[in-house]
Amino acid sequence: MIEVRFFATLRDGRGKITEIPAESASTAGDILRRFDINPEEVAILLINGFHSKPEDSVKDGDVISLFPPVGGG
Amino acid sequence: MLSRSSRRSVVADMALSEAQRTRYSRQLLMPEIGPKGQEKLLASKVLVIGAGGLGSPAALYLGAAGVGTIGLADSDAVDLSNLQRQILHSTETLGIPKVESAAGRLRGLNPDVRVEAHQVFVDGENIDALIAPYDFILECTDSFDAKALINDACVRGGKPFCHGAVIRFYGQMMTVLPGKSACYRCAFPQVPDPEKAPDARKLGVLGAVPGVIGCLQALEAIKYLTGAGELLTDRLLTFDALDMEFQSVALKRRNDCAACAGR
Chain A
1 MIEVRFFATL RDGRGKITEI PAESASTAGD ILRRFDINPE EVAILLINGF
51 HSKPEDSVKD GDVISLFPPV GGG
Chain B
74 MLSRSSRRSV VADMALSEAQ RTRYSRQLLM PEIGPKGQEK LLASKVLVIG
124 AGGLGSPAAL YLGAAGVGTI GLADSDAVDL SNLQRQILHS TETLGIPKVE
174 SAAGRLRGLN PDVRVEAHQV FVDGENIDAL IAPYDFILEC TDSFDAKALI
224 NDACVRGGKP FCHGAVIRFY GQMMTVLPGK SACYRCAFPQ VPDPEKAPDA
274 RKLGVLGAVP GVIGCLQALE AIKYLTGAGE LLTDRLLTFD ALDMEFQSVA
324 LKRRNDCAAC AGR
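Which chain is which? The protein sequence lines are A and B, in order.
Count the first sequence with my numbering and you get residues 1 to 73, in order.
Count the second sequence with my numbering and you get residues 74 to 336, in order.
Nothing false has been slipped in among the hints.
Simulated DEER-style distance windows between Cβ atoms: (1) B:R336 to A:G49: 24 to 34 Å; (2) B:Q192 to A:D60: 48 to 58 Å; (3) B:A334 to A:G13: 32 to 42 Å; (4) B:D201 to A:T18: 43 to 53 Å; (5) B:A116 to A:E55: 47 to 57 Å.
Keep in mind that the hints were calculated from the coordinates and are not lab data.
The beta-carbon is built from N, C-alpha and C at its ideal position, and this holds for glycine as well.
Please construct the entire structure, taking both the sequences and the accompanying hints into account.
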């Protein structure tokens, strides 16, 4: 399984944490598509705590964290 | 007979008036601040850019702590819709420039504070001169463009600063020591399209959320100025009020950072 953690406004309608079967995604971009998230909506994408890009590969046991841009003051 | 260290302490105390020793007594008690730290605060200059939801609590706590000079930069006037979160302002100051409203509030709070009001919209033309006289900058603006502009100017000018941002029940912040720690653009290389990014004007924000983040920004400024503790560098702190959860994300300087690479 791959654990996907959403932060701030990306939690809307998706919850806080979910798991998906490892075979359902080969890249972080596949996970974004699965949850209907445009890459532009993601300011920080972490794979196991490391800054990553949508084209980076994911595997069983990985933890993906997705942070949106936050700009209010 | 006083020991040498006790004598130094008495001499330091003498620099504070009786009223100041009373006003700041709770923080003078703490070794991390003490009389020397208080004198540093009174001699310090902090610029708060944005006198809104974040800038309100930040400026109030800086003023209460006795930061001697507080600059406030904001081009807007106080609007009724601001008062749900912008606690520097009041119903009595509706319609007047935010920097004037804020200056009056801060002077009333603490006569030790000299307030410098800059009623300007920060842009590429004025930002370098605006930040130059200050020791520490609080980035409390509400636009991605301004956040990137202020980051780049602080990196250019070697000015330490603390970034804050909020939306709905969520907040984030980080402190930047230019040339030493990851900057805002190391964390967020792309300036988002404001039309597509979440916008607090459309999605809302609960006033206490910028209250939390603004207070933490003021703490970072006070810690930097007094040398107390560890700063929030190379980390992005995120806050979720719904789950009452803080999380810290490690950040590293980017070799290809558009703002700080090579500096």
